[in-house]
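> Here is what each chain is made of, one letter per residue.
There are 2 protein chains.
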Amino acid sequence: MKFLVAGVGAMGTRFALKLKQAGNDVTVVDGWDLRLKSLKKDGLRANLDGQEVIEHVPAYGQTELPNNLRFDVVLFLTKSMQLEQMVKDLLPNFDGHTMALCLMNGIGHEQTLEKYLPKEQVFLGNTMWTAQMTRPDHVLLEDDGSCELSNVAPGEPQASQAKQLVEVLDKAGLKCHLLADPRYSVFRKGCVNGTLNTLCTLFECNLEEFSKTSHAHEMVVEVVKEFAAVGAKEGIDLDVDEAVHHVEDCYRVIGAHYPSMYQDLVKNNRRTEVDYINGYVASHGKKYGLKTPYCNLLTQEVHTKEDLQHAK
Amino acid sequence: MKFLVAGVGAMGTRFALKLKQAGNDVTVVDGWDLRLKSLKKDGLRANLDGQEVIEHVPAYGQTELPNNLRFDVVLFLTKSMQLEQMVKDLLPNFDGHTMALCLMNGIGHEQTLEKYLPKEQVFLGNTMWTAQMTRPDHVLLEDDGSCELSNVAPGEPQASQAKQLVEVLDKAGLKCHLLADPRYSVFRKGCVNGTLNTLCTLFECNLEEFSKTSHAHEMVVEVVKEFAAVGAKEGIDLDVDEAVHHVEDCYRVIGAHYPSMYQDLVKNNRRTEVDYINGYVASHGKKYGLKTPYCNLLTQEVHTKEDLQHAK
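These protein sequence lines are chains F and Y, in that order. Here the first sequence is numbered in this note's numbering, starting from 1 and rising by one per residue. Here the second sequence is numbered in this note's numbering, starting from 1 and rising by one per residue.
Treat the hints with care, as some may be off.
Unchecked claim - No farther apart than 25 Å at their CA atoms in a straight line, the calculated lysine-lysine pairs in the PhoX-like style are these:
| # | chain 1 | residue 1 | chain 2 | residue 2 |
| --- | --- | --- | --- | --- |
| 1 | F | Lys291 | Y | Lys233 |
| 2 | F | Lys171 | F | Lys225 |
| 3 | Y | Lys287 | F | Lys225 |
| 4 | F | Lys291 | F | Lys233 |
| 5 | Y | Lys286 | F | Lys291 |
| 6 | Y | Lys286 | F | Lys225 |
| 7 | Y | Lys267 | Y | Lys286 |
| 8 | F | Lys171 | F | Lys2 |
| 9 | Y | Lys287 | F | Lys291 |
| 10 | Y | Lys312 | F | Lys212 |
| 11 | Y | Lys267 | F | Lys212 |
| 12 | F | Lys291 | Y | Lys225 |
The set of hints was computed from the structure by calculation and includes no laboratory data. Model, not experiment: these values are computed from the prediction.
Same shape as in the complex, but just chain F (with noise of 0.2 Å):
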């Protein structure tokens, strides 16, 4: 299959380089120039559960990607505040077949592809796959992990394209899993994000640690409850005691791991997704004439981290 991986940061490089080892014809494309330039010159480098390994690929400035090359799957993994320019970017490069594929943390964006293309072409999931970046030129893959998607409009033939998405991404040791329902899947994974990434960057500590404090369940039980509320007025009916489940279950599987956010924040003093995460529920629960309370002030907490270190 000929992916566009749009995005190789750290979750861009493992699913470029597990799709291209699988003999995917794979190209990347990346808005950072430092990153872009380690791309062209060195491939993909990543230390893949203790081995380090290099792939070759076609690697393109988000800007200079040729207008006639056509893929038959554009994999959106940039930060969330990235998402639409690439797309706006990318837009010549899509023809009616082309399926956008998003697994990026974060609920909302299947809106923003939405604006820009058919529904029939957008493929929505999530990942619990960790990635870490060591350098521009080097990301660390290590620890277990799975993904899921599926097709936004129903019935075919996107049901199909879902279907063989996935056994392409499975045969790639993604571990990938069809959904019945991606939205539901996204505010899921939202919950890990809403409560462990938020927390742990708040903390400075990884997901071990903070499991161990003593009001780290009250804590996860409010965010979640506030995640189902607004999931549960856009037609989501998420289980509260499954989706608590879930984060906390990310304590044995990933207990070690620093989340996404808190490399963004505290490792790389970047401004973070929490505007895709507590802040969406933050701002659509007020849409909705909700009280999101712990959502708003982790949100707020999270741009006051960011305002006392000056992130860029």
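Could you slot chain Y onto chain F? The hints should help.
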């Protein structure tokens, strides 16, 4: 006037020192061995507005004060969680004339005092002075400040005694005012502590740094509203706008200050008084069936930080 200052950390040292300098009879008592040792050996040592000063006063351990000693006033300036034991240990030194004056941070201390002493002997207030312990044998006293107090039980001789206390403290340069309603004042000061102390501790910044962050005002307003809601259930009609202004006026007056909770947790790795500030609003809000999510989450977050640091 004959004072026993109970608790001579940073703030207790300011009051003991100023009262002694103004010619009052001052004795001090403290529960911390290392501090006590230096008080006995070197007296009250401080940098007071740029000048190194020393005052020698009788100093006793919390349980070693001779039972026959009597005082006009016992001024409580312990940490909130130490108050009850201090009151119990000093009970033998109270007679029917001893005034118990509490100027500590935290809400509800008059209830603790009234468990052991007649309401008529309890005087309550708060202080906006700052103080910082630089070493166990030295305190830094800078910035302008004030204090205010009143009798808790109405009528005479309490009202006259409160006036007398105000005069003595004011003469000692402590800029003291008589209050109409001491519990109103405690809630109003609680708003300062429940916003600036808590948030500057979580973010490890001073007041001025916090004031420049983009969500500071929103967070202050939400917390003050919760203090007002719980206050209303306790007969206190807090003026939210005035209280917010009182909080934000601190940016100008003591902007470079790191609040006492910051000093406890960030500087000295000690557990904080948060349960008597935001935690008071959280627990009493629950009792009254009110929602106080900002105070709930802030209390949980401060405890999370204590847990992660293994604070003592």
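> Does each hint hold? Answer for all of them.
Going down the list of hints, with the structure as the test:
1. In summary, the hint linking Lys291/F to Lys233/Y is supported, as the alpha carbons are separated by about 22 Å, within the 25 Å threshold.
2. Our distance criterion of 25 Å between C-alpha atoms is broken by Lys171/F and Lys225/F, whose separation comes to about 36 Å.
3. Of the supplied pair hints, the one linking Lys287/Y and Lys225/F holds, its CA atoms being roughly 21 Å apart against a limit of 25 Å.
4. A threshold of 25 Å between alpha carbons decides the hint, and for Lys291/F with Lys233/F the separation of about 13 Å falls inside it, so the pair holds.
5. The straight-line distance between the Cα atoms of Lys286/Y and Lys291/F is roughly 17 Å, inside the 25 Å bound, and the hint therefore holds.
6. At roughly 18 Å between alpha-carbon atoms, Lys286/Y and Lys225/F fall within 25 Å of each other, so this suggested pair holds.
7. Annotation: proposed proximity of Lys267/Y to Lys286/Y is violated, straight-line Cα distance about 32 Å (limit 25 Å).
8. A C-alpha spacing of about 14 Å is found between Lys171/F and Lys2/F, which places the hinted pair at or below 25 Å, so the restraint holds.
9. With a CA separation close to 20 Å, the supplied pair Lys287/Y and Lys291/F stays within the 25 Å bound.
10. Distance hint between Lys312/Y and Lys212/F is fulfilled; the C-alpha atoms sit about 17 Å from each other, no more than 25 Å.
11. Between Lys267/Y and Lys212/F the alpha-carbon distance is near 23 Å, which keeps this suggested pair within the 25 Å criterion.
12. Distance check on the hinted pair: Lys291/F and Lys225/Y sit about 15 Å apart at the alpha-carbon level, within 25 Å; holds.
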